[in-house]
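**Student:** Using the hints provided, position chain Y relative to the given structure of chain P.
Going down the list, the protein sequences come from chains P and Y.
To convert, note that position 70 of the first sequence is 70 in full-length UniProt numbering; the numbers rise steadily by one, no gaps.
To convert, note that position 547 of the second sequence is 547 in full-length UniProt numbering; the numbers rise steadily by one, no gaps.
Hints in this document: simulated from the structure, not taken from any laboratory.
Think of the CB as a built atom: it goes at the ideal place given N, C-alpha and C, for glycine as much as any other residue.
Every clue listed holds true.
As a list, the in silico SDA-like pairs of lysine to any residue whose alpha-carbon atoms are at most 25 Å apart:
#  : chain 1 : residue 1 : chain 2 : residue 2
1  : Y       : K703      : P       : E170
2  : Y       : K795      : P       : A150
3  : Y       : K127      : Y       : K214
4  : Y       : K683      : P       : E170
5  : Y       : K337      : Y       : H350
6  : Y       : K646      : P       : V179
7  : Y       : K703      : P       : P155
8  : Y       : K130      : Y       : S197
9  : Y       : K693      : P       : A150
10 : Y       : K517      : P       : V179
11 : Y       : K903      : Y       : F827
12 : Y       : K804      : P       : E170
13 : Y       : K683      : P       : V179
14 : Y       : K574      : P       : L180
15 : Y       : K35       : Y       : E905
A few chain Y positions that, by computed beta-carbon distances, are all more than 12 Å from chain P:
#  : residue
16 : V27
17 : K207
18 : L212
19 : P615
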Amino acid sequence: MDKGKGAMGSNARRWAVDFSDNSTSPSSRDVPDPPGFSRASIDQDDSTLSRQKKDAESNWKAQKAWEVAQAPFKNLLMMGFMMWMAGSTVHLFSIGITFSALWQPISALQSVGKIFEPYKDSRVELLGPKLLFIALNLGGLALGVWKLNALGLLPTHTSDWVSSLPPAQEVEYSGGGGVLI
Amino acid sequence: MAIRVFHFILLFLSFTNLTYSLYEDQVGLMDWHQKYIGKVKHAVFHTQKTGRKRVLVSTEENVVASLDLRHGEIFWRHVLGTNDVIDGLDIALGKYVITLSSDGSILRAWNLPDGQMVWESSLPGSKASKSILNIPKNLKADKDDLILVYSKGSLNAVSGVDGEVLWKKDFADESIEVSHIIQSSDVIYVAGFVGSSKIHVYGLNAKSGELLDKNHAALPSGTFGELLSVSGDTFVVLDEMRSKIVIIHLKNGEISYNQKHISDLTEDIAGQAVILPSRLPGMFALNINSYVLLIKVTNQGELVLVDKVNNGAAVSDSLSISEDEHAFAFVHYGDNKIHLSVKNVNDWNHDLLKESIVIEHQRGKIDKIFVNNYVRTDRSHGFRALMVMEDHSLLLVQQGEIVWSREDGLASVVDVTTSELPVQKEGVSVAKVEQNLFEWLKGHMLKLKGTLMIASPDDLAAIQALRLRSSEKSKMTRDHNGFRKLLIVLTRAGKVFALHTGDGRVVWSILLPSLRKSEACENPVGLHIYQWQVPHHHALDENPSVLVVGRCGPSLSAPTVLSFIDAYTGMELKSLSPAHTAAQVIPLPHTDSTEQRLHLIIDDNQHAYLYPRTPEAIDILKHEFSNVYWYSVDADNGVIRGHALKSNCVQEAVDEYCFDFRDLWSVVFPSESEKIIATMTRKPNEVVHTQAKVMTDYDVMYKYISKNLLFVANAAPKAAGEIGTVIPEEAWLVIYILDTVTGRILHRMTHNGCQGPVHAVFSENWVVYHYFNLRAHRYEMSVVEIYDQSRADNKDVWRFVLGKHNLTSPISSYSRPEVIAKSQSYFFTHSVKAIEVTSTAKGITSKQLLIGTIGDQVLALDKRFLDPRRTVNPSQAEKEDGIIPLTDSLPIIPQSYITHALKVEGLRGIVTVPAKLESTSLVFVYGVDLFFTQIAPSRTYDSLTEDFSYALLLLTIVALVAAIFVTWVLSERKDLQDKWR
Chain P
1 MDKGKGAMGS NARRWAVDFS DNSTSPSSRD VPDPPGFSRA SIDQDDSTLS RQKKDAESNW
61 KAQKAWEVAQ APFKNLLMMG FMMWMAGSTV HLFSIGITFS ALWQPISALQ SVGKIFEPYK
121 DSRVELLGPK LLFIALNLGG LALGVWKLNA LGLLPTHTSD WVSSLPPAQE VEYSGGGGVL
181 I
Chain Y
1 MAIRVFHFIL LFLSFTNLTY SLYEDQVGLM DWHQKYIGKV KHAVFHTQKT GRKRVLVSTE
61 ENVVASLDLR HGEIFWRHVL GTNDVIDGLD IALGKYVITL SSDGSILRAW NLPDGQMVWE
121 SSLPGSKASK SILNIPKNLK ADKDDLILVY SKGSLNAVSG VDGEVLWKKD FADESIEVSH
181 IIQSSDVIYV AGFVGSSKIH VYGLNAKSGE LLDKNHAALP SGTFGELLSV SGDTFVVLDE
241 MRSKIVIIHL KNGEISYNQK HISDLTEDIA GQAVILPSRL PGMFALNINS YVLLIKVTNQ
301 GELVLVDKVN NGAAVSDSLS ISEDEHAFAF VHYGDNKIHL SVKNVNDWNH DLLKESIVIE
361 HQRGKIDKIF VNNYVRTDRS HGFRALMVME DHSLLLVQQG EIVWSREDGL ASVVDVTTSE
421 LPVQKEGVSV AKVEQNLFEW LKGHMLKLKG TLMIASPDDL AAIQALRLRS SEKSKMTRDH
481 NGFRKLLIVL TRAGKVFALH TGDGRVVWSI LLPSLRKSEA CENPVGLHIY QWQVPHHHAL
541 DENPSVLVVG RCGPSLSAPT VLSFIDAYTG MELKSLSPAH TAAQVIPLPH TDSTEQRLHL
601 IIDDNQHAYL YPRTPEAIDI LKHEFSNVYW YSVDADNGVI RGHALKSNCV QEAVDEYCFD
661 FRDLWSVVFP SESEKIIATM TRKPNEVVHT QAKVMTDYDV MYKYISKNLL FVANAAPKAA
721 GEIGTVIPEE AWLVIYILDT VTGRILHRMT HNGCQGPVHA VFSENWVVYH YFNLRAHRYE
781 MSVVEIYDQS RADNKDVWRF VLGKHNLTSP ISSYSRPEVI AKSQSYFFTH SVKAIEVTST
841 AKGITSKQLL IGTIGDQVLA LDKRFLDPRR TVNPSQAEKE DGIIPLTDSL PIIPQSYITH
901 ALKVEGLRGI VTVPAKLEST SLVFVYGVDL FFTQIAPSRT YDSLTEDFSY ALLLLTIVAL
961 VAAIFVTWVL SERKDLQDKW R
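Chain P extracted, bound-state conformation (with noise of 0.2 Å):
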């Protein structure tokens, strides 16, 4: 993704020159142009030109976005298989799974905006893209979690909540009991 940027992107001429003369008003030439030249028409052509280029680097970035977005879903494919690889039981190696299937989602959306940035344009629509990456990312936190509430990870049962609360107090006390022997 990033590779593009240098030799594509809009920064990428070193220098330029401009071989038209923008002044249009003939008033300010010292010499009259030539029978048959039509300076409007030039102008015209290298106008076209550049929108061009422009659109079609702008295509190329939105294509880039949305393959960008994508991209999570094979990881979420990956994610779901290593899942069912790693089985219903807590251990070492289910309990890295889990985790890092939480930690990858995270991180992801935490950077959300970094790695959008190559493509960001004033004519690029980058919202979709950004929308369905999140949701995809969401997705694999979503999955991430279910794996987690699977493993008995998660405090979704009463159980999770009473099983340390300290008996209450009562407020008799009674003591006593057969003659002292």
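**Tutor:** Here is chain Y on its own, set in the frame of chain P:
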């Protein structure tokens, strides 16, 4: 969540550690065992031969033992049953120790050198009577020597060789109380009283037991006390007024007597006379007030006062030192010393021995003295004396010094409590037990060698020695883990000992002055010991103290003695002799500002007295007045009553610390079908971690945890006796679980065909009890767990998330929560002497039952074996939860005996104390022996094991740091070279 992880860890641990066991080299690391014999009743010296010098003793704890005379160690020892009281002990044929026990019905011979039993004879009889063991004192062992035993109303002649009863003469019909047997070569005279004034003498043929002649005489008045033999045929006895001495002669069966007033012998002493039971040839000792009179009986039957000793203590039996010389010892007190004199009976003015000995004040007076002689190199006679002290300890005195002493009072522990040790403070020097760094390193290097298996056998021995006498465990300060404590034990002698849990040594001991025999207090008994003051928060400067409750005599109406003892120093802080009696002592759950616990003492007169007697205590009690209840169990009438405090006493003398109480409820068991045989409550200081029990399907059961529960076991009245006296149809066992505030019966269950004895233990929400099943002919153990149904609908997770539940708000027994009980029964192989449960600091660690078996060992049994949730085929989830498949009997795994190879002879009780380390519980077992150990029911999950090699860890860290440094230097150098290239 976390609980699941915890379960998993527990499961893992339970697979690896289904049994608690230890390795051979761990014996003695955390446990100690002390052997005792109890208070000596009879002692017989065996020093004739050149071999090992020994003394044979029988004790009040029913122990027969042979002690080394040089060091006081036990050569051999036999602890007879609790009902097998030893009446007589002697040596026969020079090689057998003969004991007569069980009211004279069992005669046993033990081999003298090794204590093996040679023969045993049972001497049955119907009449209860005094039992007399008479063994002829012949220096040359004669095969024909008879052992004469009078017991159960008949005289038995038993062969000393094989224990065969040669002949038997029954006196059961004669209504005679035989008190003496006089043996001559072929005639045996049996003398005794009929009533208190008629003396009868029977002459029997020594060979066949035939009655040869019979004679009787009536004395002018009745008699008091025992007949004492002065010489072969002369006896003395006091008349019933205790003012005259009656001298009786039995010459060849003829009876003649004369009498003499005590005042004729000595004029300045008056009082109640008692003849001391010391056997002296031609003499006897008379005790009047604090004087001991030694009176000689001349051949003409005249009495001559030989000596008068003030502050006399004890007189020994006589000892024959040569053909016609007899010596005896007596002791008297004077200027803080004990004066021991050995005198010749015939030559009064000459002392064979006169010694003064300083004996620790805490040992009290001398109770009994036994003397023995030895021949010195210059052919003169030397004497050694075995003294039994008031605190039941045993001393051997020789040449004016105490050669050895045994603290045998510890064989009769009555009650136990514990105390923390002092906190280690700045400036308090503990340096003498601290090791220096070099030794520490040396020790760890040795350990490292052991770990790396490069240690030589010598090193291994050194490691073991190092581990066994680790100074760490016997320090006199508090430790982090709470392993070091003081065990404060009260013994039957009224002596209080503080034992260090590290090595079992006696830190201090005090013979309570208030529990010593005095005129005001005839038969003092120590009853219980309570923790009086346990400073931990704001009163740390004060020393903890304990309260000893005693009573002057066995009856309930005897006066009370209260004694407060400093637990660090063993000084008696104060002692009280209150006017009221003590039927019950109730420690309340409240303490005052100095951390003194409030106690209510209930007398037999329906009053309750508050201690400590301070206005602050009154305020605290007034504040909790309506919440203090108590209950009384009247086992004789089958009634349990509940009471509450009412108001101050209505008496002539105003006592604001005295309260009346009112009866609230009573549970009356039908006397024709039920009799209370056992009751049990929870320990008041038990800590419970959680009120919820999580089932396998994440469901929750709420434990019914109340301190006010009482377990009662009732047996059918017919079946209250011993096992085997009733048929199964007549026997049943009914168990109840009562609330002692309201008297409500929470649970009732009947075991048909079962009977006691019942031993029970109550902890958290469960009770485990042990009884006998007559139908199955086996012992059984049952468990009952009680759950609170009224809390069961607290199932909404959100209420817990938001904290909107009332599970921890205080509850009252009057709210009458609905409970359910689950129970299950299992067979158990052993009969049981005591059951206890481990207790830990926070109550998180799983529990183990500690069962004192009939073999005097302690078995640790996981509570998981007694779980009503056990089924024959537990599901996978249940198995994961640690539920063991149901079997009909509880397993006895030999490795789970916490006493390993040792026996705690005469086991009577088990005490568990939590250590500060949650995983560990301290266990103290007492009986004739004492045993202490630490156990960790779920292994020591919260600490490194003691054999963890810190040196190895240190070495690894050092090696790693070195490796990091070296590789860093190498990589730097390589980088530099790369850059130059």
